[in-house]
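Peer 1: Top line first, the protein sequences correspond to chains A and B. Per the working numbering, the very first residue in the first sequence carries number 1; after that it's consecutive. Per the working numbering, the very first residue in the second sequence carries number 1; after that it's consecutive.
Don't read these hints as lab results, they were simulated from the structure. What you are looking at is a predicted structure, and each value in this text was computed from that prediction instead of being measured. Any given hint could turn out to be false.
Claimed, not checked - Pairs of lysine-lysine, DSS-like flavour, derived with a Cα cap of 27 Å:
1) A/83 - B/122
2) B/96 - A/83
3) B/481 - B/395
4) B/87 - B/61
5) B/365 - B/344
6) B/96 - B/137
7) B/9 - B/122
8) B/87 - A/7
9) B/137 - B/122
To be verified - Anything over 10 Å on all C-beta distances counts as not near chain A; from chain B, calculated:
10) 6
11) 46
12) 59
13) 90
14) 149
Think of the CB as a built atom: it goes at the ideal place given N, C-alpha and C, for glycine as much as any other residue.
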Amino acid sequence: MPSLTRKEVEEIALLARLHMDEAALARMESELGAILEHFSSIAAVDTTDIPPMTHAVPIELPLRVDVAFPSLDAADALRAVPKRDGDLIVVPAIIAGSGE
Amino acid sequence: MTELAQLLKDFEPVIGLEVHVQLATKSKAFSASGIEFGASPNSLTDPTVLGLPGSLPVFNKAALELALKLGVATGSQIRAKSRFARKHYFYPDQPKNYQITQFDEPLCENGHLDLIVGGAVKRVKLQRIHLEEDAGKNTHVGAFSHVDLNRAGVPLCEVVSAPELTSSEEAAEFMRALHRLVRWLEISEADMEKGHLRCDANVSVRLRGEDRLGTRTELKNINSFRFVQNAIDHEIARQLRLIDSGGRVERETRLWDADLGQSAPMRSKEEANDYRYFPDPDLPVMVVEGALMGNILRSLPELPVARFERYQKIHNVTADDARTLISDRALAEYFDAALEAHPKDGSGRTIANWMLTELLGALNKAGITIAQSPMPPQRLISLVKLVEEGTISGKIGKEIFEESYRTGEDPAAIVERRGVQQISDEAMLWAVVEKVVSASPKQTTDYQGGKDSLFGYFVGQVMKETQGRANPVMTTDLLRKRLGR
């Protein structure tokens, strides 16, 4: 059953924004592989005609009445923000050279 | 290099649009923060919007109702059970690192939007309409970006058309039709200036007669009717020139810069082509109850394009006037109220005329909308009737309109007081004609000698004698009779 290639592990790390060194990548390759193997044993169960279940209990989406409540103060909302300019959050530019 | 016009003879553009419509709710999609354009930065957030640990999303019922309205108005199939999914990407406008959207089980599918193209109705298929939350706003300043999360979590409907539009004009018309519809149904304020309607366009070209679609590019950031048209025209030309010079269109996302009037490929420092969608475990299946659907169906008014057709087919209004009448729901409601006050066959065209020239002219001059009109439809109709019945001439009617609009006085009362009733009494008019002709022997001889242009002189004299009250049709008839030609 599906073992992960090194390239796949590197891709997953990139998508998750995790920077891993050689040793960590090698460890992940075998650990993630083991997890996937576990799932492959679950995949052996015959699920024909069984609808996919995304929630453990069969509940419907609760809905909220459209009423606005007071928001957080900007000072509170931004407390964990490392860099600010007034009440704006400052981050490194992602798209080079263009406005939104 | 081949001329663009020549290339367009051989190639046909194929355009699909994805339009984000901001829903007119008071609070956000999944939490109770308020929504306000231009509020001070980061003043409209809460733990859910910020993606803080332990916060949970609870969906806004009003957003569902507005999306259902749009679904029903576009003849879409509504999914009784739909689902929210997480779309993962790392970008500072989205602190959770995923956007809540709908993926494989959207609320609405297979609908259509009716556009008015050159006076006719064109029906464009909609692949889907789904619910999602907006992201925050990034403003790029040199090596940094400023992030304001006030917009994050605002409820949106994404409307996705089939690739069935064949010109930039049609694409702009699609935007206008959607804009008109969502305003009509009060689904969105649809204020373009505030970005309530934002459009991405998928553009490709193919040889005419070819079934397969060409490679498409996605144009982002086109947020006005004019930009839609400019950006698409520009992209069609770019692709055609590329193909003409032996190149190939690459599948890419391009960002439209309205100031420069050109697009450039969007390069992300970190490409994430895998959004890893999965059902949001925090949000169970969304069930649309029959009772809710019943309420939506009952609340739906007659739609703009249906009125466009009714005004022409039943009320004899011209296509141009019908189009103007449906440009604004209040205008159409005024017209319908006027029709109701005067349900005579064929009067629709006359009523539309008075409304669109005299009334709209006066309203525009005063800088007010039809909803604030000092002249109610019933009063306009009493004026229209006075003209239709021949009590006053159309010319006098305009004066009466002006006075009634200004003072609020009933048109019939003004006519009575001013004594401007049209003279339609044949004997009376004959006497005037007789007087005018006898007083103009030279003109009479000249006219009878073939100088046709003098006829206007006689009409003018009759009008002068009657202070403009002579029935113009009868005046013409009687003059011809008296003058012998």
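Peer 1: Can you confirm whether the C-alpha distance between residue 83 of chain A and residue 122 of chain B stays at or below 27 Å?
Peer 2: violated, 52 Å
Peer 1: Starting from residue 87 of chain B, check that the Cα of residue 61 of chain B is at most 27 Å away, please.
Peer 2: holds, 22 Å
Peer 1: Against chain A, does residue 59 of chain B hold up as non-interface, every C-beta pair farther apart than 10 Å?
Peer 2: Its Cβ does come within 10 Å of chain A, the nearest being 6 Å, so this is violated.
Peer 1: Given the hint that residue 87 of chain B pairs with residue 7 of chain A, test it: the Cα-Cα distance must not exceed 27 Å.
Peer 2: The given pair, whose Cα atoms are some 23 Å apart, holds under the 27 Å limit.
Peer 1: Over 10 Å from every CB of chain A: does residue 46 of chain B meet that, or does the non-interface label fail?
Peer 2: violated, 6 Å
Peer 1: According to the definition I'm using, a residue is off the interface if its beta carbon is farther than 10 Å from all beta carbons of the partner; does residue 90 of chain B meet that for chain A?
Peer 2: violated, 6 Å
Peer 1: Just to be careful, I want the Cα atoms of residue 365 of chain B and residue 344 of chain B compared with a cutoff of 27 Å; is the pair within it?
Peer 2: violated, 30 Å
Peer 1: Confirm or reject: residue 6 of chain B is not an interface residue toward chain A, with every Cβ-Cβ distance exceeding 10 Å.
Peer 2: holds, 33 Å
Peer 1: Do the alpha carbons of residue 9 of chain B and residue 122 of chain B lie within 27 Å of each other, as the hint requires?
Peer 2: holds, 22 Å
Peer 1: Decide if the proposed pair is consistent with the structure: residue 96 of chain B and residue 83 of chain A, CA atoms, cutoff 27 Å inclusive.
Peer 2: Distance of about 18 Å is within 27 Å: holds.
Peer 1: Holds or violated: residue 481 of chain B with residue 395 of chain B, Cα cutoff 27 Å?
Peer 2: Holds, because 24 Å separates the two Cα atoms, which is no more than 27 Å.
Peer 1: With d taken as the least Cβ-Cβ distance between residue 149 of chain B and chain A, does d exceed 10 Å?
Peer 2: At about 7 Å from chain A, residue 149 of chain B fails to clear the 10 Å cut-off, so the statement is violated.
In this structure, the earlier hints numbered 1, 5, 9, 11, 12, 13 and 14 are contradicted, and the remaining ones agree with it.
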